[in-house]
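Asker: Residue-level listing of the chains:
Number of protein chains: 2
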Amino acid sequence: MKNFIYDIPTKVYFGKNEEENVGKYLKEFGAGKVLIHYGGHSAQRSGLLDKVRQSIKSEGIPFVELGGVRANPSIELVRKGVELAIKEKVDFVLAVGGGSVMDSSKAIAHGAANPGIDEWELQTKKVPFTKSLKKGCILTLAAAGSEMSDSCVISNDSVHQKKGINCPQNRMCFAIEDPCLTFSVPAYQTACGAVDITMHTLERFFNKGDHTELTDAIACSVMRENNRAAKICIEDPTNYEARATMMWASSLAHNDLTGLGRGKFLQLHQFEHALSALYPEIAHGAGLAALWPAWARYNMPYNTERWAQFAENVWGIKADANHQEEAASRAIDMQEAYYRSIGMPVTLRELSDRISQDDLVTLCDMVSENGNRILDGPKPLDRSDILAIFRNAY
Amino acid sequence: MKNFIYDIPTKVYFGKNEEENVGKYLKEFGAGKVLIHYGGHSAQRSGLLDKVRQSIKSEGIPFVELGGVRANPSIELVRKGVELAIKEKVDFVLAVGGGSVMDSSKAIAHGAANPGIDEWELQTKKVPFTKSLKKGCILTLAAAGSEMSDSCVISNDSVHQKKGINCPQNRMCFAIEDPCLTFSVPAYQTACGAVDITMHTLERFFNKGDHTELTDAIACSVMRENNRAAKICIEDPTNYEARATMMWASSLAHNDLTGLGRGKFLQLHQFEHALSALYPEIAHGAGLAALWPAWARYNMPYNTERWAQFAENVWGIKADANHQEEAASRAIDMQEAYYRSIGMPVTLRELSDRISQDDLVTLCDMVSENGNRILDGPKPLDRSDILAIFRNAY
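Read top to bottom, the protein sequences are chains A and B. For the first sequence, position 316 matches number 319 in the working numbering, and the numbering has no gaps at all. For the second sequence, position 261 matches number 264 in the working numbering, and the numbering has no gaps at all.
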């Protein structure tokens, strides 16, 4: 087991109607003026935004608003948000939405606390920073785990880049998680969320490391229960208990708990970031699902024992030492079939007819930074490995 | 699933030699003057205290010291500590030790921040309080989970009481967890720790609640891995990985994670608190082990389905709906046999020859507060239930 630091300060208010207390919680965390940040019209239509405004007003906390966050949130809107936050002297950013809204909120909080530094310089770590505004969220989608993670991913279309940054400043002060707010999430988005949740933990699980049995058991619990619950959510969208399981799995899968004592690098995510940088219309979870089987089968021979553990503890396939490869293969088949069963693409061709075979080299160059970058892992991936995986995924 | 608040702010520095950074961490948490609090001579003899002093000195932070914490820490020493902390204008209490030292440190921190209020009034919730000094710990025993819990238990011999209080003020700012510091823990204390760890999670698991599948899977992971690791620690005391698993299990078992969405009441712990209030020489874990089989067998018929889940996920005993009771009984037998195998008593008679049959009524009166208190749970326990359990445990 590697040494680790556990530092997950986000306070979670989990359960029915907790969003009605947002004003109270903002007050507890000392918010002076709030920027409410959100996405499209659904938060408005559902009445959620009105509830939020009402709750904040009732505590006498002033606020401004900025909507319009898209999937794969853009640096352009972040810049707008920073300008607004500085002009309005905001000291707290409240995200009302899913991963895109949360990440956009984080980037705005960083930019507003570091005026004069370009937001993309912060996001790409060219300028290190320690300050950020306080932030919190009301979660409306179980997927990204941004509500408890130290991660923030932003896209810059002008340079076809999608970049993530991990730092303590990315942690939310609080997360309000009411599973009822996800009842209206369509089946496709629910499935995308399920993939993202499992991958956050699965990619940690397949990092370098050994003797992390307790972490591993927790990781497999999250993957297994998330698989189980997501299926129910798709068949029965207003099933509170299943929505609650997915929501809590989303938070635990990416807050670090499921990888403590191991490496933390998310190898497969690097592939998907290139993909949705090139095609911003692609849903992150669907992109991961389309890439996953090829990535898994490519890695398995280099890490067979670990894949056999995954087979046993996520899919219930026990195998003795002589049959680990067989069990591992079967588990990958089962996870792939499961994704198919919840309507996810399992190849790039299924994902989007815009992706051509010629794009694969471009994607490979993006991930490998023209051959200058090797992706760390039990099987480190160089340019040729990366290209092979993209081709196998096609 | 019940609504819940997740609020576990303790920052954990986990791994080899982390204790050498204690000065740096104290500085990060803004310590102005520190009270180093510890138990007997072992921290001195092992050289740990010297390392701690050196690290704090090197950061230029002044400190005072108070040793002498015993098992089942006493309100008398807490009072001494409070006096010293106030006189010396201490603003941070650093516990170097196990559960007793940590709990004593917490009580001192509360008392010092609330001068003029008797420490036992705070501990017994007669005077509510919100202030406390900051606190941190260097853990030397995997057992109590006090390093991340919101719990603090103190004994008052003069009134034969042992009382616990749960509040956010009980959370440590940081916990330094170096598994190497537990290499020298004798087999008996290691086993006592293993019992305490499992019981913190097991008692949460058997609280009222439903549809907490993800929490349950994590809870069973902690119990299973703790059982496995403790056996190794006893056979091979310097096994780093097993010591690390026990240490991390100790923190997770009692920080709330393993019970989220369920009730939190620790039913069996109430029995043991009476026991070690009457006999302060009894080790808490051994007391729990001696009481556990009788408590488990008494509860099982009222919560059979849940016990069958425990059987499957902790002891690998699968059973269909018609054989749940059989599986549950077998699992209780196995956990009992396991405790015997690691040298733990499984009856009160085995625990101590000072306990007479006449004491059982006294103990029952203490737990049931002379019949005025019912212990909440799937089977609520009144005076007659409590007496029956004590008698069955004899």
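It should be emphasised that the hints constitute simulated quantities derived from the structure, not laboratory data. Some hints could be false.
Identical chains share a label here; the pair holds if one copy fits it or two copies do between them.
With a straight-line Cα cutoff of 27 Å, these simulated DSSO-like cross-link-like pairs (lysine-lysine) come out [as the list claims (entries may be wrong)]: (1) K128 - K92; (2) K19 - K267; (3) K27 - K267; (4) K137 - K382; (5) K60 - K321; (6) K30 - K83; (7) K92 - K137; (8) K30 - K134; (9) K234 - K321; (10) K211 - K134; (11) K134 - K27; (12) K5 - K27; (13) K166 - K211; (14) K27 - K128; (15) K5 - K211; (16) K83 - K54; (17) K90 - K382; (18) K14 - K30; (19) K129 - K166; (20) K36 - K211; (21) K36 - K54; (22) K234 - K54; (23) K234 - K83; (24) K83 - K382.
Please read these numbers as outputs of a predicted model, since none were measured by experiment.
Asker: For this structure, which hints from the list above don't hold up?
Answerer: 4, 5, 10, 17, 20, 22, 23, 24
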